[in-house]
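Each chain, written out:
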Amino acid sequence: MSVLIFVELDEGKLKKSSQEAIFYGAKVAEMTGTTATAIAVGQADDSELATAGRFGATKVLHASDTRLNEPNGMAYATVVAAAAQQEGSTVVVLAKSSLADAMTARLAGKLKAGLAANVIELPDLSNGFVVKSSIYTGKAFAYNELKAGIKILAIKKNTITPEETDASATVDSFSPALNDSDFVISVKSTEKATGDILLPEADLVVSAGRGMKGPENWGLVEDLAHALHAATACSKPVSDLDWRPHHEHVGQTGIKISPNLYIACGISGAIQHLAGVNSSKVIVVINKDADAPFFKSADYGIVGDVFEVLPRLTAAVKAL
Amino acid sequence: MKILVCVTSVPDTTTKITFTDNNTKLNKAGVTFITGPYDDYALARAVELKEQAGGTVTVLNVGGADAEPVIRKCLAIGADDAIRVNAEPTDAYFVAEQIAAIAKDASYELILMGRESIDYNGGQVHGIVAELLGLPSISPVMVLNIDGDTAKITREIEGGKEEIEAKLPLVLGCQEPIAEWKIPNMRGIMTARTKPLKVVEPVANEQLTAVSHYELPAPRGAVKMIPADEAEKLIQLLHTEAKVI
Ligand SMILES: Cc1cc2nc3c(=O)[nH]c(=O)nc-3n(C[C@H](O)[C@H](O)[C@H](O)COP(=O)(O)OP(=O)(O)OC[C@H]3O[C@@H](n4cnc5c(N)ncnc54)[C@H](O)[C@@H]3O)c2cc1C
Numbered sequence: 001m002s003v004l005i006f007v008e009l010d011e012g013k014l015k016k017s018s019q020e021a022i023f024y025g026a027k028v029a030e031m032t033g034t035t036a037t038a039i040a041v042g043q044a045d046d047s048e049l050a051t052a053g054r055f056g057a058t059k060v061l062h063a064s065d066t067r068l069n070e071p072n073g074m075a076y077a078t079v080v081a082a083a084a085q086q087e088g089s090t091v092v093v094l095a096k097s098s099l100a101d102a103m104t105a106r107l108a109g110k111l112k113a114g115l116a117a118n119v120i121e122l123p124d125l126s127n128g129f130v131v132k133s134s135i136y137t138g139k140a141f142a143y144n145e146l147k148a149g150i151k152i153l154a155i156k157k158n159t160i161t162p163e164e165t166d167a168s169a170t171v172d173s174f175s176p177a178l179n180d181s182d183f184v185i186s187v188k189s190t191e192k193a194t195g196d197i198l199l200p201e202a203d204l205v206v207s208a209g210r211g212m213k214g215p216e217n218w219g220l221v222e223d224l225a226h227a228l229h230a231a232t233a234c235s236k237p238v239s240d241l242d243w244r245p246h247h248e249h250v251g252q253t254g255i256k257i258s259p260n261l262y263i264a265c266g267i268s269g270a271i272q273h274l275a276g277v278n279s280s281k282v283i284v285v286i287n288k289d290a291d292a293p294f295f296k297s298a299d300y301g302i303v304g305d306v307f308e309v310l311p312r313l314t315a316a317v318k319a320l
Numbered sequence: 001m002k003i004l005v006c007v008t009s010v011p012d013t014t015t016k017i018t019f020t021d022n023n024t025k026l027n028k029a030g031v032t033f034i035t036g037p038y039d040d041y042a043l044a045r046a047v048e049l050k051e052q053a054g055g056t057v058t059v060l061n062v063g064g065a066d067a068e069p070v071i072r073k074c075l076a077i078g079a080d081d082a083i084r085v086n087a088e089p090t091d092a093y094f095v096a097e098q099i100a101a102i103a104k105d106a107s108y109e110l111i112l113m114g115r116e117s118i119d120y121n122g123g124q125v126h127g128i129v130a131e132l133l134g135l136p137s138i139s140p141v142m143v144l145n146i147d148g149d150t151a152k153i154t155r156e157i158e159g160g161k162e163e164i165e166a167k168l169p170l171v172l173g174c175q176e177p178i179a180e181w182k183i184p185n186m187r188g189i190m191t192a193r194t195k196p197l198k199v200v201e202p203v204a205n206e207q208l209t210a211v212s213h214y215e216l217p218a219p220r221g222a223v224k225m226i227p228a229d230e231a232e233k234l235i236q237l238l239h240t241e242a243k244v245i
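Chains E and C supply the protein sequences, listed in that same order.
Note that our numbering has the first sequence beginning at 1, numbered continuously upward.
Note that our numbering has the second sequence beginning at 1, numbered continuously upward.
Derived by calculation from the structure, the hints in this document are not laboratory data.
Since the structure is predicted, the reported quantities are computational estimates derived from the model, not experimental observations.
For every residue, glycine included, the Cβ atom is placed at its ideal position computed from N, Cα and C.
The reader is advised that the hints may include incorrect statements.
[To be verified] Pair ranges (Cβ atoms, derived):
no.: 1; chain 1: C; residue 1: E206; chain 2: E; residue 2: D166; range: 41 to 49 Å
no.: 2; chain 1: E; residue 1: P237; chain 2: C; residue 2: E206; range: 43 to 51 Å
no.: 3; chain 1: C; residue 1: P69; chain 2: E; residue 2: P293; range: 23 to 31 Å
Please work from the sequences and hints to get the whole structure.
This is the structure we're talking about:
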């Protein structure tokens, strides 16, 4: 009956978003009078997996078949469905990510589950099982009643702030039957920025738009991002022009993020851009045009030239 | 090649969303409906593939009669025919079941759609369709080329991308820069009027979820302006007042 949480690994470590998912799942378990079980897929040490206990999981199932070494949404969904079956779980929690996105739908199909994507709060159990989710790209919320026997919740970043204890989870190996049909896609090559903070995971984001004039000026954006340990992002025209890679593009047609801090430099604040960033906790806008629409959606603003303001901010962060 | 493109009819991206009936219905007054921007990318690529290698492009929408202008526009852009499943979509599973029912015996080699709709942003329909049909699903697809019975695909992943190969048939969720959005020309608009648009009734479905009501976000407080020549103050405020750094 336990609440099942899918734990995503990044080079053998629990992703931060998964720690949030475990804490969320443990809270749901508490509300429903059961325990939280995590399911981790891929290679990781038992000692690392046991840290799921700190966020509230009592047990971790570990599927470490070598065929699962590389992220594979279809195969991982098969594993998680098998785990849900074994545990008799009626609630499955995942933190939204590109891997989780590939899994949740397959999982919903396998389990005929009621699915809520972009969940932003703990469920309300006072009248059925109701979850609040973000819709219309952050412009509104929906309260969804999940009526199916099995419920899948994909939670957005910053849905809950995890608290840690010094508890440890037991780790059991888990070897469900795998389907050959889940391994028919062959990945020829992978290109991944290394050493940078992943944008969807980042607490702090420095983002820039066409106001930067050209890719050669991005050093100013990166300097501030490095000083803050922030990820970098950009507006759509910037990625369309190939000034920055597409995976940094936020907004209606890009990634949707909800960091603690979003600093927008030389971005006008078009409604399609706001759609991807409007659930950030704090928004800072730097624009030389006092009438830029973005100021209406900001918490802090500076009317000024990014080429002058950015170096001053970087220096001020370093002086903190 | 036989391609199915599934499209949503959604409020234009500039829409200010509001609700009526005690926050239980979208206020459609004054709202322009468009093809989902991601679906538009999928359609544009489907039409390009057809122009290169021949075949047919069928557009499928699960929606009420008010979605027909959006469907006609897809026909004007270059789809050959269209199917509308006559039902108000209730959730991703419902839509996916309708699509799977249409696709089951129709032997499409590609089933394309946007990576997500821009109303519910679930990004789930392609995966559920693929699961129900027992096909592989890949999303978000940024590049799609067909070589015989193999699709060569670039998929975006967190912080990068990967090159993938997979045998047809496939279900794909698409995003830019898979193709440029296409604008219908006069000839397209004229021929679209006579292209077949078949209306079918939905298959029965158990309701797995239901929206009880909607809510709008609380407005942000007033913006605090900091003079550019005191830019350092911003960092102090983020540290001591907003406490985010
Ligand atoms: C269907 C659809 C989907 C879209 N999806 C997205 C999306 O996902 N993401 C997205 O970002 N956009 C999206 N757009 C595009 C969006 O409408 C805007 O065109 C885009 O966000 C503008 O990018 P920008 O702010 O970088 O550029 P601009 O609008 O050109 O703004 C540049 C800003 O920089 C300021 N500036 C210039 N020089 C300086 C300086 N030296 N110092 C300080 N400020 C300076 C200017 O005052 C201006 O405000 C979409 C559009 C459509 C129609």
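Within 43 to 51 Å or not, the Cβ separation of P237(E) and E206(C)? About 45 Å separates the Cβ atoms of P237(E) and E206(C), which means 43 to 51 Å holds.
Note whether the CB distance of P69(C) and P293(E) lies within 23 to 31 Å or breaks it. holds, 29 Å
Consistency of beta-carbon spacing, D166(E) to E206(C), with hint 41 to 49 Å: About 44 Å separates the Cβ atoms of E206(C) and D166(E), which means 41 to 49 Å holds.
Every hint, counting from the list given before, is met by this structure.
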